[in-house]
Amino acid sequence: MADRIRVNLRDIINEEERLSPGHRLCAGCAEPIVVRQIFHAISDQPVIVASSTGCLEVSTSQFPTTAWRVPWIHNAFENSATTIAGVEAAYNALKRRGRIPEDKEIKFMAIGGDGASYDIGLQFISGALERGHKFVYVCLNNEAYMNTGIQRSGATPRGASTTTSPAGEVLQGKTQWRKPFTKIMAAHDIPYVAQTAPHNYRDLMMKAKKAFAANGPAVLNILAPCPRGWRYNAEQTLTLAKLAADTCAWPMYEVENGKTVVNYKPREKLPITEWLKSQGRFRHLLRPANAQLVEEIQAKVDAEWEELLKAEANS
Amino acid sequence: MVNSKYMPLDGANAVAQAMRQINPDVVAAYPITPQTAVVQKFSEYVADGIVDTEFIPVESEHAAMSACVGSSAAGARVMTATAANGLALMWEVVYIASGMRLPIVLTVVNRALSAPINIHCDHSDSMGARDSGWIQLYAETGQEAYDNTIQAIRIAEHTDLLTPVMSCQDGFITGHGVERVGILPDDVVREFVGIYQPDAYLLDTDHPVSMGAFDFTDYYFEHKRQQIDALERAMPIIEAVGKEYEALSGRPQPIIDTYGMDDAEYAIVALNSAAGTARAVARQWRAKGVKVGIVKPRVFRPFPAKQLTEALKGCKAVAVMDRAVSFGAAPGMGPLFTEITSALYVEGITGPKVLNYIYGLGGRDLVPPMVDSVYQDLQATAGDGNGQVVRYLGLRG
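Chains A and B, in that order, give the protein sequences.
Residues in the first sequence are numbered consecutively from 1, following the working numbering.
Residues in the second sequence are numbered consecutively from 1001, following the working numbering.
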């Protein structure tokens, strides 16, 4: 385990916000909270950001305004990892040629939603990881295509109702399990991969620090509750993030140089029904007719949690 | 003028030589036949330390252009190369590169688009990209591909343009065809291209910029107008860069290359290698006393309407040769034809009869007897003024 990394709130509130207020993200959106936590985690270092098309991008960059006080680029939906890889390559080239001072360190970050990460951009991320670009890929995971109106993604959990997996007379929301994106990222044998959520800012910021300090690519998969898409009241965003961790619907863990550590183990693991009943997207699952499906979801959560604990024990 | 050193090179390797001399900051590329030789040769230069370019061996052409956008926005001079399906795969980002005004230079070794899959030459790839906001240069020979590649850097990065350039040559025909290519001394090329130093770029972290921002209905149109204006400014800049390069190399760099057009009655217009075949035939017809000519545009975007109409206005009949099809277009179906006839109409030139020849799709050879038949057709058409507008060369049935 790395040294305990201090996160001092007094320092944080005195730092400049590198994502400025005045952007157009929804009330209660987790995304700017996450981005600001990451910026504060590396507040002493210059960083260049590439955003995939998505909620964060459209809401922070409406010309002629911008909320970004760091160099920022948006290219397309699927290719933020490749775009930042290009920036990092330019940095290496210009440094080698003496056009950037030898001692100038810059951090590189790509940000995409779960659509950009799990689905349309998976190949681009995989390629950038395989080539070993030194950058951090951040998935702001709100578990559906929220920017285009709450359509299912590879990250949408089974049973969730979205506009392309609606709960109907026959189908009870999304019929498939979500893609194990974090495991896929870790399977690239890169120095650092972690799952986290913004309710635990110490955990998130510690992981951001580790990711940016890694000697190679790193991936953070961060749960980003979405009031509109998940159908809950805006003030509950961080409460829901915590509930996700407490029900083990969203385990908080990291894989550091191949070693798995589960960073948060709920004292009392809450039943998945607590998670399901907290959001409108799962409401239909609580009907008696869907009891079997809820059991399957609980069994899946339990199995994944056990697998994770086993991975930790074996590390 | 400095003397070139002459080497036996195929067109792809001629471009690789130009890239070696330019020594760009970043190259991001993915191999595809018949462009492969460019990427392979350049990889050797990297492996042997002949260039100190940062080479990104991406996992697809879409990623190639995506990385180019990132590198160029970061402040680097960036080059890549592709063909056919590779260009099709990077399509989305081709438009983003020009929309973000990033001076990327892309070599296209022209190849037919699938389906059916076919690795040989036609212009369906780059002609499909003619509305993407890129400047397009076309080369008859490996020599011209070399020359255009070097000039493309200066054109793209010109501060009045900041527009990417697509430099095209024919797959296999010139791409794999070995010829005698004159290579300028390395230091001369490096001095000619200089160092790319943009005003605003991502790596200037002390002056943060947002690039690729979201335009609503209130700005998109104006930004597109700026691109339109840049392309309208491009022709004199391409001419000036060409003149400077000619003074250096001794090789003229006309916007349109002409043969016999001072008094030609029958003219053929063709891009790339077909112009060479047609010119050889035209010389034979000239020797027989027939006033024939050849027009070969080196620049297709911006479209050299003035130069073409000026060259063609005195002809009795003109054959526009297209190695690409705009399916369902009428009365002709090749992009070169529709743009030339449109330009003639706007200039009020109604004298020449204009025919459209579709040839060479999927790499079918254009051989001299086909060109003979075109001149025969032109003589007949000028006589009776009737007949099919669209004709095919070397097509069965």
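Source of the hints: derived by calculation from the structure; they are not laboratory data.
Just to be clear, a hint being listed does not mean it is correct.
Below, computed lysine to any residue pairings styled on SDA-like, alpha-carbon distance capped at 20 Å [what the hints assert, rightly or not]:
(1) B:K1224 - A:T65
(2) A:K95 - A:A167
(3) A:K242 - A:Q298
(4) A:K95 - B:T1205
(5) A:K210 - A:K95
(6) A:K95 - B:Q1197
(7) A:K134 - B:K1224
*Determine which of the earlier numbered hints do not hold for this structure and return their numbers in increasing order.*
The structure breaks hints 2, 5, 7; every other hint is satisfied.
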